[in-house]
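Use the sequences and the hints to build the structure in full.
There are 2 protein chains.
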Amino acid sequence: MSIADKIKSGDILTMSRLIRDIDDGMPEAEITLQKLFKHSGDSKILGITGLPGAGKSTLTSLLISYYRKQNKRVGVVAVDPTSPFSGGAILGDRIRMQEHNADSDVFIKSVATRGSFGGLSKSVVDIVRIMEAAGKDIIIIETVGVGQDEIDVVRLAGQVLVVTAPGLGDDIQAIKAGILEIADIFVVNKCDLVGAEKAASELKDAAEDNITGDLKPIVMTDSIHIKGIDELTESIDIGFDKFNNDNIKNEYLDRRYRYEIEYKVRDKLTETIRESFENDPVFKDILKAVRDKKMDPYTAVTKIMKNVKLT
Amino acid sequence: MSIADKIKSGDILTMSRLIRDIDDGMPEAEITLQKLFKHSGDSKILGITGLPGAGKSTLTSLLISYYRKQNKRVGVVAVDPTSPFSGGAILGDRIRMQEHNADSDVFIKSVATRGSFGGLSKSVVDIVRIMEAAGKDIIIIETVGVGQDEIDVVRLAGQVLVVTAPGLGDDIQAIKAGILEIADIFVVNKCDLVGAEKAASELKDAAEDNITGDLKPIVMTDSIHIKGIDELTESIDIGFDKFNNDNIKNEYLDRRYRYEIEYKVRDKLTETIRESFENDPVFKDILKAVRDKKMDPYTAVTKIMKNVKLT
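These protein sequence lines are chains P and W, in that order. Per this note's numbering, residue 1 is the first one in the first sequence, and the count goes up by one each step. Per this note's numbering, residue 312 is the first one in the second sequence, and the count goes up by one each step.
One should not assume that every hint holds.
[What the hints assert, rightly or not] DSS-like cross-link-like pairs, simulated, lysine-lysine; straight-line CA separation at most 27 angstroms:
| # | chain 1 | residue 1 | chain 2 | residue 2 |
| --- | --- | --- | --- | --- |
| 1 | P | K293 | W | K317 |
| 2 | P | K284 | W | K355 |
| 3 | W | K599 | P | K35 |
| 4 | W | K355 | P | K8 |
| 5 | W | K538 | P | K293 |
| 6 | W | K346 | P | K288 |
| 7 | W | K553 | P | K294 |
| 8 | W | K604 | W | K319 |
Everything labelled a hint here was simulated from the structure, so no lab data went into it.
Written as structure tokens, this is what we have:
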């Protein structure tokens, strides 16, 4: 059986190995990804984002349980240094996760932010592709809502939950700082805490959809005491039902593939520029001229744009 | 007096206007930046990064007070949605900040993450340049240590403080996820809290400098009760003294300008690709072929690399 066939059968070990090979930049891995492409595009992809401390991971865990009860196969990509999926955890969360880890129809993959640009989104895009080809019905991308790349990556999703909670400082302000427009559903988690109603009412002004003028759903949840989850999953289901309309589905796929292609092109260009700084004497001379104040960096950028050799 | 001359005299209104013009993409703004370049490169630039809740802003505020007592002019660029400098704040912090706001030798500029790639670092680079030309002796770049762009931007700095605190979940794990290697000094803030000693001792393994083999300084601070600040500022001063060595200074400037140029080139290329997707029929056809599964996105990336027109 080929690697692509093994992935399609949902083989966990082969999936993990392929993800590692992608990380290691193995050329065969990209060939496998090319083969898997035609088996992707049909999973429901849910983005979950919000500030650290909003309770995204506990919510994710509850959603996994909900979809598993419906006998759906679930994939999770966690990009969040404070998430139990990706390492930082309180013990209770971690135990809850381990329950899912034992479930062979739940595939969880954590992706660390690497502190160097380019790598993050590339691997998330490919991991999602592998999960789709492996027949996951729903794929959750959980990412901390701080950091441009981290926010951007949920653009792969058909729907995005923006999760907030009372007591995270001036949450609404933080949400305004960039993730408002990508939300399809707002979740005020930890709704048993003081300030939850206030957070929800502040969100109302901000939750108006720019295109339709409708108010985006604002759902109050308490993922510790398991409140509001039915309402949330109902909102999510209604949202995904919209993709039964071909126009809406195509619009989403266009947005998703465009994001994917733009990101990968940007990655390759960044790599090309980086290598040129290491190896190309023209680049080295330009850098030296800037350091010696014989050329300003703005002029340097223009000169380098002319000298980038694309392959 | 020209705009560049007004900036050099430290005129706050002109600085703010130029920053706004850069944001608005005014071509004259870049010409001013080109003129200001030769007056930059001499400020001490300090990066401060760490997870939300580590107390970076309170620490920044104390450092501002320290440098002001030495009669140094201070600039602060805050890129952190949970920072009082950039909007999200507890009241106490905000009041403390306002004290500095009334001081005309302290220039604080907040930069929001915008939820779209490219913009962040570009504006930070230019704001730092303006602050340098305006004669700021020390410039602090405060950024949340989550998110690749947010972490990368402290590479402009001569020295980077990585701030952690007990009780942020599995902090050390989070630090390992990408910001370890960029730290020059580790700060365990909120050192009065349980777990501070443990955090410091865990850091010891991680704090070995890859190049020199030395242990990077680990400083315990409590910025609420103002402990450890003398030790911290001493470590910072020792670090900046190293730049009196021309080789070390040149190495830093090379790294900084290379970062700056790479980022700006990447921004321009990203913009070019984005515009091509809007306007270029070749790009549109490629996207349609991918959506129709006639072409996989990996092949699309290769085709688009060949079609990018650089200007």
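Results for each hint:
As the CA atoms of K293(P) and K317(W) are separated by approximately 21 angstroms, the hinted pair is consistent with the 27 angstroms bound. Proximity of K284(P) to K355(W) is assessed by CA-CA distance (about 25 angstroms); at most 27 angstroms being required, the pair is judged to hold. Proximity of K599(W) to K35(P) is assessed by CA-CA distance (about 18 angstroms); at most 27 angstroms being required, the pair is judged to hold. A threshold of 27 angstroms between alpha carbons decides the hint, and for K355(W) with K8(P) the separation of about 55 angstroms lies outside it, so the pair is violated.
About 41 angstroms separates the Cα atoms of K538(W) and K293(P), which puts this hinted pair outside 27 angstroms; it is violated. Restraint check for K346(W) and K288(P): satisfied, since their Cα atoms lie roughly 18 angstroms apart, inside the 27 angstroms limit. Annotation: proposed proximity of K553(W) to K294(P) holds, straight-line Cα distance about 25 angstroms (limit 27 angstroms). Among the hinted pairs, K604(W) with K319(W) is inconsistent with the structure: their alpha-carbon atoms are about 57 angstroms apart, more than 27 angstroms.
Against the hints set out earlier in the document, violations occur for numbers 4, 5, 8.
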